[in-house]
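Protein chains: 2
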Amino acid sequence: MTILVVGANGQIGRQFCQLAQDAAVPFRAMVRSTEQQAWFRERGMDSVLADLEGDLDHAFDGCDQVLFTAGSGPRTGPDKTLLIDLHGAMRVADLAKSKGLSRYIMVSALRADDPLRAPEKLRPYMAAKKAADDYLKNRGVPYVILKPGRLTDDPATGRVATSVKEAGDNVVSRANVAAALLYLVRTPSLVNREFALLDGTRTPEEALF
Amino acid sequence: MTILVVGANGQIGRQFCQLAQDAAVPFRAMVRSTEQQAWFRERGMDSVLADLEGDLDHAFDGCDQVLFTAGSGPRTGPDKTLLIDLHGAMRVADLAKSKGLSRYIMVSALRADDPLRAPEKLRPYMAAKKAADDYLKNRGVPYVILKPGRLTDDPATGRVATSVKEAGDNVVSRANVAAALLYLVRTPSLVNREFALLDGTRTPEEALF
Numbered sequence: 001m002t003i004l005v006v007g008a009n010g011q012i013g014r015q016f017c018q019l020a021q022d023a024a025v026p027f028r029a030m031v032r033s034t035e036q037q038a039w040f041r042e043r044g045m046d047s048v049l050a051d052l053e054g055d056l057d058h059a060f061d062g063c064d065q066v067l068f069t070a071g072s073g074p075r076t077g078p079d080k081t082l083l084i085d086l087h088g089a090m091r092v093a094d095l096a097k098s099k100g101l102s103r104y105i106m107v108s109a110l111r112a113d114d115p116l117r118a119p120e121k122l123r124p125y126m127a128a129k130k131a132a133d134d135y136l137k138n139r140g141v142p143y144v145i146l147k148p149g150r151l152t153d154d155p156a157t158g159r160v161a162t163s164v165k166e167a168g169d170n171v172v173s174r175a176n177v178a179a180a181l182l183y184l185v186r187t188p189s190l191v192n193r194e195f196a197l198l199d200g201t202r203t204p205e206e207a208l209f
Numbered sequence: 001m002t003i004l005v006v007g008a009n010g011q012i013g014r015q016f017c018q019l020a021q022d023a024a025v026p027f028r029a030m031v032r033s034t035e036q037q038a039w040f041r042e043r044g045m046d047s048v049l050a051d052l053e054g055d056l057d058h059a060f061d062g063c064d065q066v067l068f069t070a071g072s073g074p075r076t077g078p079d080k081t082l083l084i085d086l087h088g089a090m091r092v093a094d095l096a097k098s099k100g101l102s103r104y105i106m107v108s109a110l111r112a113d114d115p116l117r118a119p120e121k122l123r124p125y126m127a128a129k130k131a132a133d134d135y136l137k138n139r140g141v142p143y144v145i146l147k148p149g150r151l152t153d154d155p156a157t158g159r160v161a162t163s164v165k166e167a168g169d170n171v172v173s174r175a176n177v178a179a180a181l182l183y184l185v186r187t188p189s190l191v192n193r194e195f196a197l198l199d200g201t202r203t204p205e206e207a208l209f
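Taken in order, these protein sequences are the chains called A and B.
No gaps in the numbering here: position 91 of the first sequence is 91 in my numbering, and each next residue is one more.
No gaps in the numbering here: position 171 of the second sequence is 171 in my numbering, and each next residue is one more.
Here chain A stands alone, though its shape is the one from the complex:
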C-alpha cells in the first residue's frame, strides 16, 4: 500500500512525508533533482527522481496510491501553472488509470470551484486547479480531492473544518493539511469525495467522512 507523493519537496509534501514516516505509512517521495533528494535520503525516506514534464512512468513502480501535492504555486509564472499544476496532474491521472491505482488523492484549492470569485491575481491558478480536478474526476480512478483555503505556516492544531461558514475564516495551516492528508491516506474507504479544508475545531476523523 505504498503511496507515491508527487511534489514531495513542497512545503506540504515534506510535512506529509515526515508524518507518514512517523506513522510507518509506506510512501515514496517523488522529486525532480538529486539536490531535492538529499533531504529525503538524510531521513531514510524512499524517494524517486522523476519529472512531471518528462520521464514519469517509472516513479509508479510498486505504488498503489498517489498523492498529488505538486504545485508551481500561485506565485510562479502561469506557464508553469499550465505545465505542472494542470498538465502534470493530468499526466499523473492518466498513469494512475493505466496502472490501475486504487486512489488518487489531490491537493486542490478552495476557490477552484469558481475561479472568477477568487482574487484577480489568483484566477488563472484556480482555473488550472478546476480543470485538473475535473480531469481527474472523469478518469475513472477512485479519488479524493482536498481543497484547502489560504495556506499559512501556523503550527498544527490537528483541528479542521470543511466549510468557510463552519471555520469562520478561509485559512488553514500547511501542518493541518499534511495531517488531514495522512488521515485520508490511511482511510481507503473514502473514495470519490471532495472536501474543503480550513482550520477548525474537529479532528480529521470527525470532519472528513
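No wet-lab data here; the hints were simulated from the structure.
Don't take each hint at face value.
Beta-carbon label-pair distances, calculated as ranges [as the list claims (entries may be wrong)]:
(1) Pro119/A <-> Glu194/B: 31 to 41 Å
(2) Pro188/B <-> Asp154/A: 55 to 65 Å
(3) Thr201/A <-> Asn138/B: 28 to 38 Å
(4) Gln18/B <-> Asp154/A: 55 to 65 Å
(5) Phe209/B <-> Glu166/A: 27 to 37 Å
(6) Pro188/B <-> Asp94/A: 26 to 36 Å
(7) Glu120/B <-> Pro119/A: 26 to 36 Å
(8) Asp94/A <-> Thr203/B: 28 to 38 Å
(9) Pro188/B <-> Ser98/A: 33 to 43 Å
Virtual Cβ for every residue (Gly too), placed ideally from N, Cα, C.
Dock chain B against chain A, hints included.
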C-alpha cells in the same frame, strides 16, 4: 438554428462570420467591446457584447449551437491562456449544458492531444487546449472538436486533410479552417467527433464525416 460565435473578432472568427453571412447561416458574433462590434455592425451582422471573464449568460439567448474560436493565442501571456482558452471554454461548456444547446463546436489544436510533443514554447498552450477539450467531452453536450495544425494566412483552397500523414505537412490556412467550420455548422448530424485539420486535397464534405 442560430450559432453563437465566441471569439468572433479573431482571425478565424471573422472569416467564419463572413462565410456564414454569404451562406445565409444564422449566427451571432460575440465580441468584447463596442470597438470590436463595429466591424460586424458595418456588415449588418448580428452581434452581442459579452465577456468570457465576466457577464456571459445573456449572449446565448436565442442560440441553439455555439462555436468556440476564442483564443488568446499562443503569443499572449499564459495567464490569459488560462482565463480565456481554458476557463472561458469551460464556462461556455457549462452554459451550453445548462441551456440545452444542441452542439458545441470547438476550435482546438492539433498538438492538444499530446502537449509534450509540441515545441517547448507552445506546450503550456497545448495543455490548456487539451484540458478544455476534455472538459467539454465530459459535459454531456454534443460536440465536434476541430484540431487545426499550424495556422497560415494562405488563401482558401477548399481542400483539407485530417491527418499529418495524409497532408504531408502540418499546416492549414485560417481560410480553410473557417470553411470547414461552416461545413460543420451546417451538418448537425456530426456529433461527438474529433477531427485534425490540415491543408489537403479533399473537400470538407469528403474529409469530415
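Hints versus structure:
1. Pro119/A <-> Glu194/B: 31 to 41 Å: Holds: the Cβ-Cβ distance is about 36 Å, inside 31 to 41 Å.
2. Pro188/B <-> Asp154/A: 55 to 65 Å: holds, 57 Å
3. Thr201/A <-> Asn138/B: 28 to 38 Å: holds, 37 Å
4. Gln18/B <-> Asp154/A: 55 to 65 Å: Holds, at about 59 Å.
5. Phe209/B <-> Glu166/A: 27 to 37 Å: With Cβ atoms ~54 Å apart, the hint is violated.
6. Pro188/B <-> Asp94/A: 26 to 36 Å: Taking Cβ atoms as reference, Pro188/B and Asp94/A lie about 32 Å apart, which means the hint holds.
7. Glu120/B <-> Pro119/A: 26 to 36 Å: holds, 30 Å
8. Asp94/A <-> Thr203/B: 28 to 38 Å: Because 36 Å falls inside the window, the suggested range holds.
9. Pro188/B <-> Ser98/A: 33 to 43 Å: holds, 35 Å
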